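Residue numbers (the working numbering), protein chains in the order written: chain A, 215 to 599; chain B, 16 to 152.
Keep in mind the hints are simulated off the structure, nothing from the lab.
Treat the hints loosely; a few may be bogus.
Claimed, not checked - Pair ranges (Cβ atoms, derived):
1. B/64 <-> A/481: 14 to 24 Å
2. B/90 <-> A/237: 26 to 36 Å
3. A/537 <-> B/89: 33 to 43 Å
4. B/137 <-> A/427: 33 to 43 Å
5. B/65 <-> A/407: 46 to 56 Å
6. A/314 <-> B/78: 54 to 64 Å
What the hints assert, rightly or not - The calculated lysine-lysine pairs, modelled on DSS-like cross-linking and capped at a C-alpha distance of 27 Å, are:
7. A/495 <-> A/216
8. A/495 <-> A/219
9. A/462 <-> B/73
10. A/219 <-> A/269
11. A/402 <-> B/89
12. A/591 <-> A/521
These numbers were taken from a predicted model, which means no experiment stands behind them.
Just so it is clear, CB atoms sit at the ideal spot from N, CA and C, and this is done for glycine as well.
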Amino acid sequence: MKSLKRVAAVIGVGHSDWVGDWTRVRAGERPDDCYGYAASAFRNALADANIAREKIDGLIVGPTTAYERMAEVLGMNVRWGDQADAVLSVVQACMAIESGQADIVALVYGNDQRSVGTQYGGPQAMGGDQFLSYVYHSPWGMTSQGALYALMFRRYSELFGISERDLGHVAVAQREGSSVNPNAIQRKRITIEDYMAAPYITEPLRLFDYCLINDGGVALIIAEAGLARTLSPKPVYIEAAGRYDLNKRATSLEPRLTDFYRPAQQAVAEQIFGTSGLDPKDIDVLQVYDSFSVHVPLALEGYGYCKVGEAGRFMREDGIGLAGRLPTNTSGGHLSESYMQGWNHQIECVRQARGECGARQIENCRRVHYTSDVAGKAVSIIYGA
Amino acid sequence: MQTAATPPRVLGLYDQPFWDLLAESGRMHLQCCSACGAWRYPPGPACHECLSPDCEWKPITGTGELLSWIIFRKQYLPAYPAPYNVIAVRLDEGPTIISNLTSDPTLDDSPIGRRVRLTVARMDDGVALPRFEFADR
Chain A
215 MKSLKRVAAV IGVGHSDWVG DWTRVRAGER PDDCYGYAAS AFRNALADAN
265 IAREKIDGLI VGPTTAYERM AEVLGMNVRW GDQADAVLSV VQACMAIESG
315 QADIVALVYG NDQRSVGTQY GGPQAMGGDQ FLSYVYHSPW GMTSQGALYA
365 LMFRRYSELF GISERDLGHV AVAQREGSSV NPNAIQRKRI TIEDYMAAPY
415 ITEPLRLFDY CLINDGGVAL IIAEAGLART LSPKPVYIEA AGRYDLNKRA
465 TSLEPRLTDF YRPAQQAVAE QIFGTSGLDP KDIDVLQVYD SFSVHVPLAL
515 EGYGYCKVGE AGRFMREDGI GLAGRLPTNT SGGHLSESYM QGWNHQIECV
565 RQARGECGAR QIENCRRVHY TSDVAGKAVS IIYGA
Chain B
16 MQTAATPPRV LGLYDQPFWD LLAESGRMHL QCCSACGAWR YPPGPACHEC
66 LSPDCEWKPI TGTGELLSWI IFRKQYLPAY PAPYNVIAVR LDEGPTIISN
116 LTSDPTLDDS PIGRRVRLTV ARMDDGVALP RFEFADR
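Extracted from the complex, chain A is given alone in its bound form (with noise of 0.2 Å):
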């Protein structure tokens, strides 16, 4: 079977003051627009790989800034461009190393979502042009993105017996990880009895269970392998890559609701475990994409680090935790470091692998697995030391 299988890795990381301008946001300045954010996180990736910008041959922007505008205010001219969110962008770049579109590619992401008030729910909620489900269901009172998660979780725990208080480990044990962050803007340390005390947002859903909104941007440069070898000390390779949509009735949330993205998770673990040679046993850190807690114990499942229906026994007594069995969203997620769609797990995973992590390191991390299901798309990677 073909495979992305270290075709490339990562050499640079770097992200916006994310920390900082939440601070100067809610003090009601606009530090940067999203093309601004995402200019200092390049600044920084460039730096911490330590190349020149003219050495960049491909350019890969998010879904929140335009292409071609991006590539201008970078001043970078390239023989292969594209656009995507944050894994697909992981992937779309090693398949354009693949193929020999380009060489080395830069990954930029700029999100100026809070201080120009994005909004993902209610009338106004973003992203409803491309996900029908996002809006379609507004006459009954149905818009917000938590909501879909709400319903998913309500399903999920009378079906297999998962509690409210078994999620609440989500929360509790990111909370710990951003707790040793300096990155993370929400460092203080919760309990269970905190989460199970704050107040419902969208039944059975609380407070803690949801991410932060945010201002930043994030920014990677992955090379083709034997390059990233001369580049880099430490490069972090691709070593799996897989994806499974699940689309059929989708705007009735039917994925959700009846197979709770399972499926889809299930046939990307064996395009990933099998063409890696590695399997959960493996994975030394988990990275789940985390809009809402909801995902983490699907992603448990779904992969195969504990059986159907044991996602709040595992995060319960094997533990998700710093020191748990499974570490998981170990810089604090969405829930606690910073909402980057996703962008700053990718730099986490890659600095989880290079051993830089400082107090939330974990020890001998090799291997991290990244996956997220937004709206049925299931994709995940794997990086490796």
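Given chain A, work out where chain B should sit, using these hints.
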């Protein structure tokens, strides 16, 4: 007295008959594929099962099973002061629809799996909206 408008319906090229037929007849109609008989929701240009473009708007039984439910504790829309419920119902014809339950789901120990039937609500601004009530006791 000013009344809050029903939040906007998505009215694409194929949606209008769903709302017109509901308001006129008090029954929900869905597109039924003329070639294979599959029901579809939301309305669309082709059968998701066999790709046939031919279909007929037919009344459905209006009965189904409650798949899930939630309570909004935060207000997003003027027409929906919190708290209010949203439910997912699998219609007996196959499709799943998002709607509201006319009673309070928290009063039931386990609403999931219960039988429900369609009822048509008339919103303040005149929009006819399909909702559901418990049908099994």
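Checklist line | residue 481 of chain A and residue 64 of chain B - C-beta distance against the hinted 14 to 24 Å | finding: Because 22 Å falls inside the window, the suggested range holds.
Notebook entry, point to check: Are residue 462 of chain A and residue 73 of chain B close enough, with their CA atoms no more than 27 Å apart?
Noted result: Holds - the C-alpha atoms of residue 73 of chain B and residue 462 of chain A are around 22 Å apart, at most 27 Å.
Check: Does residue 495 of chain A pair with residue 216 of chain A here, judged by a C-alpha cut-off of 27 Å?
Finding: Holds - the C-alpha atoms of residue 216 of chain A and residue 495 of chain A are around 23 Å apart, at most 27 Å.
Check: Does the Cβ pair residue 65 of chain B, residue 407 of chain A satisfy 46 to 56 Å?
Finding: holds (54 Å)
Next item on the list: Note whether the CB distance of residue 90 of chain B and residue 237 of chain A lies within 26 to 36 Å or breaks it.
Entry: 28 Å Cβ-Cβ, so the 26 to 36 Å window holds.
Checklist line | Satisfaction of hint between residue 89 of chain B and residue 402 of chain A, Cα-Cα up to 27 Å | finding: holds (24 Å)
Margin query: What's the verdict on residue 495 of chain A and residue 219 of chain A, does the C-alpha distance respect the 27 Å limit or exceed it?
Written below: holds (19 Å)
Note to self: Just to be sure I understand the hint, the distance between the Cβ atoms of residue 537 of chain A and residue 89 of chain B should be within 33 to 43 Å; is that true here?
What the structure shows: Roughly 35 Å apart at Cβ, these two residues keep to the hinted range, so it holds.
Margin query: residue 591 of chain A and residue 521 of chain A were given as a pair; does the straight-line alpha-carbon distance stay at or below 27 Å?
Written below: holds (22 Å)
Notebook entry, point to check: Between residue 219 of chain A and residue 269 of chain A, does the CA-CA distance stay at or below 27 Å?
Noted result: Measuring from Cα to Cα gives roughly 23 Å; hence the hint holds.
Next item on the list: Could you tell me whether the CB distance from residue 137 of chain B to residue 427 of chain A stays inside 33 to 43 Å?
Entry: Since the Cβ atoms of residue 137 of chain B and residue 427 of chain A sit about 37 Å apart, the hinted range of 33 to 43 Å holds.
Next item on the list: For residue 314 of chain A and residue 78 of chain B, compare the CB-CB distance with the range 54 to 64 Å and indicate the outcome.
Entry: holds (58 Å)
The structure meets every hint from the earlier list without exception.
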